[in-house]
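Starting from the known structure of chain A, arrange chain B with the ligand on it as the hints suggest.
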Amino acid sequence: MQTLADYYGETLKFDKLTSYCPGCGHGIVTRLVAETIESMGIREKTMSVVGIGCGGFSHHYLEVDAIEAIHGRAPATAIGYKVAMPDHVVFTYQGDGDTSAIGLHEIMHAANRGMPITCIMVNNSVFGMTGGQMSPTTIPGQVTTTSTKGRDVHIHGYPLLVPEMMRAMKGVAYLARETVVDVKSINRAAKSIRNAFECQVKGLGFAFVEVISPCPTGLHLSVPDAYAYAAKETLSYFKPQIFKNELEKSDEV
Amino acid sequence: MKETLFLKNTEAFAESMIRCGIRCHFAYPITPATDVMKYTSRMLPEVGGRMVQMESELAVSNALAGYACAGKLGATSSSGPGMTLMQEAIGFMAAGELPCIMLDAMRVGPGDGDIIGAQSTYYQATRGGGHGDYRVIVLAPSCGQEIAELMPHGIKLALTYLTPVLFVVDGVTCQMTETTTFDEPYDYTADFDTSSWAYTGTADHPKRFLLTGSYTHEQGYEMNERMRRKYVEISENEQMWEQEKVDDAEVLVVAFGIHGRMCKDLVESFRAQGKRVGSIRPITLWPFPNKAFESIPASVKSILVVEMNHGQMVDDVRLAVNGRVPVHFLGKTGGDIPMCTLADMTREASRLLEGE
Ligand code: SF4
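Protein sequences appear in the order of chains A and B.
In this text, residue positions in the first sequence follow the working numbering: the first is 1, and each later residue adds one.
In this text, residue positions in the second sequence follow the working numbering: the first is 254, and each later residue adds one.
Just chain A, with the same shape it has in the complex (with noise of 0.2 angstroms):
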């Protein structure tokens, strides 16, 4: 019988419970972003640099080298590690908190750096980790701890669109935004985080992927009423779609 670990190979490590919240969206995109690695046979020569959050715990569950970098530094970290490290491959996993508060500042800059490094950002429109406060990308209406009467754009202005955001940087050579709330999105997001990854292997820069997933403990929703919440509400103001592919034009040559 073929068992889960056949199918993911060394990547992903099954020898210990997660510390997501059970049907968190973060335990598929750890997933996503572990099978690539597998499937590109690039686990030895591949670092992570986490960002301060739930998904700070990511490096846990794979079995590749991986720093915790301070609050919504990754992008610089993994800068300095692809300086030092050219030849490997270096991606960051961040939540939307550190990547789009602390954070924003660095993703742009290496966005628009378009050195070859991977990062990620899981969008899950709030705070998880502190207890559901109101991020960057929390929608118009979203309860949340910090905004009790739902997010008002006359008060806390309006939800960050990063990779919109990223789209005119000539550094940046792939650049999509998916979603892990049904079956048919998480195929498309697996593509993507693939795609992110090659881009880097190939050299041709920046690769940035937004995941548009849901946190059930921060929306105070069950399971199946969060990723509902998800594909129905956050989705409306998160479209996914490719914004850019170099590696289509990279194929062509």
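Where hints are given, some of them may not hold.
Cut-off 16 angstroms, straight-line C-alpha distance, at most; resulting in silico cross-link-like pairs (EDC-like, lysine to aspartate or glutamate) [unchecked claim]:
#: 1; chain 1: A; residue 1: Lys45; chain 2: B; residue 2: Asp457
#: 2; chain 1: B; residue 1: Lys483; chain 2: B; residue 2: Glu402
#: 3; chain 1: A; residue 1: Lys191; chain 2: A; residue 2: Glu44
#: 4; chain 1: B; residue 1: Lys544; chain 2: B; residue 2: Glu489
#: 5; chain 1: B; residue 1: Lys255; chain 2: B; residue 2: Glu402
#: 6; chain 1: B; residue 1: Lys528; chain 2: B; residue 2: Glu497
#: 7; chain 1: A; residue 1: Lys191; chain 2: A; residue 2: Glu246
#: 8; chain 1: B; residue 1: Lys460; chain 2: A; residue 2: Glu44
#: 9; chain 1: B; residue 1: Lys460; chain 2: A; residue 2: Glu248
#: 10; chain 1: B; residue 1: Lys460; chain 2: A; residue 2: Glu10
#: 11; chain 1: B; residue 1: Lys409; chain 2: B; residue 2: Asp457
#: 12; chain 1: A; residue 1: Lys170; chain 2: A; residue 2: Glu246
#: 13; chain 1: B; residue 1: Lys460; chain 2: A; residue 2: Glu38
Rather than coming from a laboratory, the hints here were simulated on the basis of the structure.
Note that the coordinates shown come from a computational prediction; the quantities given were computed from them, not determined experimentally.
What follows is chain B with the ligand alone, placed relative to chain A:
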């Protein structure tokens, strides 16, 4: 072959690190440290290295941390307010036991301060500007020549103790141009094997991961204890200072950096008049050279500490002296004339000699 060059002391720092094997310099422009990056951007590519200009000091210091993770020794250079922004990552590197070499071309504070050179960052440098119980080894050269001489030692300390090593040089000294004789290039970083801890991919080692927080309370306790033991060891073994005519001195002048350099002339002119003045110039600010003060002779009536700030190192001198002798302070900072002159120092030391 040795080579003597006529350089700004910021450039002497850059030249020293290149000659000693550092191949990557992360930086962000700030007066008066910018000359370091101008120099390395030109000179590092010639030896296969590079200067990486980042978008802020936050990014600089975190890129430096990422570079260090790979087991390589990188460098950065900044000034007062830039160092303030770097504190977060410096604490991270100390906790993660990641080595690096840094220069603080110290300038006046507080806040954003001014671009005038000063010694205002003594506390920040020696106390650990970030949170938690960590220290950074701090070297305080007083001229370009000493920067060149301390660089191999700084590299050795960084890679032996796996810790950031900070050179603090006041902005005035940094902008001085003087002759510095450099030793033949030698890659001191190559003397250290980092393969036992570097994050270089799992091809030749099982997975490694760097946590600078504690994943469990037990691990956190163990980590803090390990750090404490390391800092005790550094304190015990790595104190450095220079002293002049201490043995029979009545008044001891204590100063670091440029004021420390002036002490030589000060002591000489007092001695020419038969007056018993000696001096101690701390070279390591952390660990502070307590040993220099443990055995000061009974002839010492008082100590004068001179700094280019409102009194920071004076606290460490008082702790080292522990009430055995009165410790006085002379300091100046800010404005156009940020430092004490030789005349100021002479006047104060004379008063103390006369028992005032
Ligand atoms: S708090 Fe939210 S993001 Fe964090 S693990 Fe739980 S469900 Fe996932």
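Here's how the hints hold up against the structure:
| no. | hint | verdict |
| --- | --- | --- |
| 1 | A:Lys45 - B:Asp457 | holds (10 angstroms) |
| 2 | B:Lys483 - B:Glu402 | violated (25 angstroms) |
| 3 | A:Lys191 - A:Glu44 | violated (21 angstroms) |
| 4 | B:Lys544 - B:Glu489 | holds (9 angstroms) |
| 5 | B:Lys255 - B:Glu402 | holds (12 angstroms) |
| 6 | B:Lys528 - B:Glu497 | holds (13 angstroms) |
| 7 | A:Lys191 - A:Glu246 | holds (14 angstroms) |
| 8 | B:Lys460 - A:Glu44 | holds (9 angstroms) |
| 9 | B:Lys460 - A:Glu248 | violated (34 angstroms) |
| 10 | B:Lys460 - A:Glu10 | holds (11 angstroms) |
| 11 | B:Lys409 - B:Asp457 | violated (26 angstroms) |
| 12 | A:Lys170 - A:Glu246 | holds (11 angstroms) |
| 13 | B:Lys460 - A:Glu38 | holds (15 angstroms) |
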